[in-house]
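Asker: Since the structure of chain U is provided, determine the placement of chain V on it from the hints.
Protein chains: 2
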Amino acid sequence: MSRPASQHTVRRHNCALVLDAIAAAPGSSRATVAARTGLTKATVSSLVDRMIGARLVVEGEAQSRPGPGRRGTALHLSPAGPHGLGVEIGVDHLATCLVDLTGRVRTSWLRPGDNRASRPSRVLTRVAAAIRLALKEDVAIGGVGVAVPGLVESATGILRLAPNLGWREVDVRGELTRRLGLDVPVLVGNEANLAALDELRHGCGAPDFVHVSGEIGIGAGIVLNGELFEGVSGFSGEIGHLSVDPRGPRCPCGSRGCLERLAGQDEIVRAAGVEDLPTLLTALKANDRTATAAVHDAAKWLGVALSGAVNLLDLPTVVLGGAYARLEPWLREPLLAELGRRVVSAAWSPVHVLASTLASDAATRGAAGTAIRAILADPDPYVTAVLA
Amino acid sequence: MSRPASQHTVRRHNCALVLDAIAAAPGSSRATVAARTGLTKATVSSLVDRMIGARLVVEGEAQSRPGPGRRGTALHLSPAGPHGLGVEIGVDHLATCLVDLTGRVRTSWLRPGDNRASRPSRVLTRVAAAIRLALKEDVAIGGVGVAVPGLVESATGILRLAPNLGWREVDVRGELTRRLGLDVPVLVGNEANLAALDELRHGCGAPDFVHVSGEIGIGAGIVLNGELFEGVSGFSGEIGHLSVDPRGPRCPCGSRGCLERLAGQDEIVRAAGVEDLPTLLTALKANDRTATAAVHDAAKWLGVALSGAVNLLDLPTVVLGGAYARLEPWLREPLLAELGRRVVSAAWSPVHVLASTLASDAATRGAAGTAIRAILADPDPYVTAVLA
Chain U
1 MSRPASQHTV RRHNCALVLD AIAAAPGSSR ATVAARTGLT KATVSSLVDR MIGARLVVEG
61 EAQSRPGPGR RGTALHLSPA GPHGLGVEIG VDHLATCLVD LTGRVRTSWL RPGDNRASRP
121 SRVLTRVAAA IRLALKEDVA IGGVGVAVPG LVESATGILR LAPNLGWREV DVRGELTRRL
181 GLDVPVLVGN EANLAALDEL RHGCGAPDFV HVSGEIGIGA GIVLNGELFE GVSGFSGEIG
241 HLSVDPRGPR CPCGSRGCLE RLAGQDEIVR AAGVEDLPTL LTALKANDRT ATAAVHDAAK
301 WLGVALSGAV NLLDLPTVVL GGAYARLEPW LREPLLAELG RRVVSAAWSP VHVLASTLAS
361 DAATRGAAGT AIRAILADPD PYVTAVLA
Chain V
389 MSRPASQHTV RRHNCALVLD AIAAAPGSSR ATVAARTGLT KATVSSLVDR MIGARLVVEG
449 EAQSRPGPGR RGTALHLSPA GPHGLGVEIG VDHLATCLVD LTGRVRTSWL RPGDNRASRP
509 SRVLTRVAAA IRLALKEDVA IGGVGVAVPG LVESATGILR LAPNLGWREV DVRGELTRRL
569 GLDVPVLVGN EANLAALDEL RHGCGAPDFV HVSGEIGIGA GIVLNGELFE GVSGFSGEIG
629 HLSVDPRGPR CPCGSRGCLE RLAGQDEIVR AAGVEDLPTL LTALKANDRT ATAAVHDAAK
689 WLGVALSGAV NLLDLPTVVL GGAYARLEPW LREPLLAELG RRVVSAAWSP VHVLASTLAS
749 DAATRGAAGT AIRAILADPD PYVTAVLA
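Residue numbers (my numbering), protein chains in the order written: chain U, 1 to 388; chain V, 389 to 776.
The following block holds chain U by itself, in its conformation from the complex (with noise of 0.2 angstroms):
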């Protein structure tokens, strides 16, 4: 029986060869794929057509090319292929996303809703529900990515501690798993890093930044070298909980001071004087005093968060994503004011800041790219499932 299974191994490990290489070339013809993977021509092909079959891939025209030779046809991501649902429990919304191989979005949905008023359970039911909405879109789906605003432990999987909503120790992988037999890789992660994910991949294109989301929370994603970093537990990021002012108030997470409690959206608004994000985003427009000084204090805790982070990584760039990328155009010059006091090397590495292009979504697609490149790195089942 060992010979086989060993076939199959390596057959798997040359699918997803075949397939990393399209992905990262779309528009190569077999010839090239043989010639990036070292593996034959003959066995791409023979893969190739079984991932057509598999919906994986598509053709493209045959590509015009000088010189003799059969010319090939140009491979690409098929769209009509596995998909991948990113879901996003957010503290005052739910949110869903099916996207495809290609990365393009095919439909999204977001529910308001505060869920710190719920059980996890509760909120779990409505999540269970939404990704039900999502299975009876007349697409497959291989793999679903979950955001949380809280610290999910890589190991395991499980959201260790989500201050925003009240959570502790909760399995979502294994209660969305159990209550909707998904046979589907289902994989957990912090919010604030799957929105740096995503601003990674269709975002500010640099390959070190810090991406802070401003939402009633504040998460950060690090980027180094074009990767994310995630630290030894996966608990990284979490610039919320930096003290900037350690006699500040008290923080749910037990501490005080944090910048989450100083410059989170709830406490501008508040100090603001208005209801919520879009009022605030009007009157300051209108050039309100009281809303003006708000985001101005906010810049301000912001910058002491930020440089902190930089002055101990050295970063070049910080994007603003989520609430302060809609702020951005107010918080930008005390937040640039405030790096330039306080980062200790602002004179030779001066700070970018950036306002995510990327929608509120971003957190959402990153979870649904991460199901995306689960199904990449293992396409094999669907190879199988056309063979069989």
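By construction, these hints were calculated from the structure, which means they are not laboratory data.
Among the hints, a few may not be true.
[Said to hold, decoys possible] Examples of chain U residues lying across from chain V (beta carbon under 7 angstroms, computed): (1) 235; (2) 242; (3) 253; (4) 254; (5) 308; (6) 314; (7) 317.
Just so it is clear, CB atoms sit at the ideal spot from N, CA and C, and this is done for glycine as well.
Answerer: Showing chain V alone in chain U's frame:
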């Protein structure tokens, strides 16, 4: 002319490969080195013989080995070959340290003296004199590493800023090379980064930690996955300039409430009402209340800064170096309490606090280590000298 140049390039590469294999597994035989490097036994034997002639490598006893075949002799880096010279330009001292290829310290030299009182050129004159003293030792010096308390730009090697020395834009490497007519590599690095490198090689053995050295300045070296993290420009680890009390006392760096101003050695000694570190240690051992309170206060500020680093980077270990290593018995409890309160993942990923077991010359030894790595990375000049 292209063929001999190419042959030389190949030999240069192979020399480094072979020496690296011996450094990584001391006691290896020629056959083991051949297997490890993928070179033929003949090539390895020829290079090893030349390296023995160049005093880079020594042969130990023949290894006993079961089975037939010639017994291989054990190869080691030679303690009689080129040495690395480490130099530290401290705020209140100069130090040098001569280390052989095996990492053993041959001699070390220290002269206290406040370098803040002198212009850079005068201090560099004293540094050059210290290096000349080391050059008089009866060993070859294959490289010089210089540790400085400031921002060293990795691309240029220029010391951009040393706030506690009051230095800006000093080309330490160029100045020393010119004054001494050195024809060996001169490598300038941040003292905290170099101390962390020494900790990585000869200290705690952990793959992920932050090493924080308390001196007049406070610096950190961040080690991730077994490698020093230097940042895009080499400016990482500036924990001394984290704003732990944003409205606190002014810092020469231009910011306010920097950790250095609240928990640096000078500040602790002043708050304790004593003259210097030895007097402080005597007072602490005598349970002096003012001294104990001063160290507790510093521990709290240090805890604010280190909890920020851990919240951002999810680091499992903090190593206390420099003066902090000697103060550790009094720093430990209040620091752990502060980390427990302020690190949001503390319940799942508790932070370990260790006192560095290395002496206060970790930066000097780390600087010597970079010089040794430069020799090991390009041993060809020594081998060529033997051939000539």
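Asker: Against the structure, test the hints numbered earlier, and report the numbers of the ones violated in rising order.
Answerer: Result: hint 7 breaks, nothing else.
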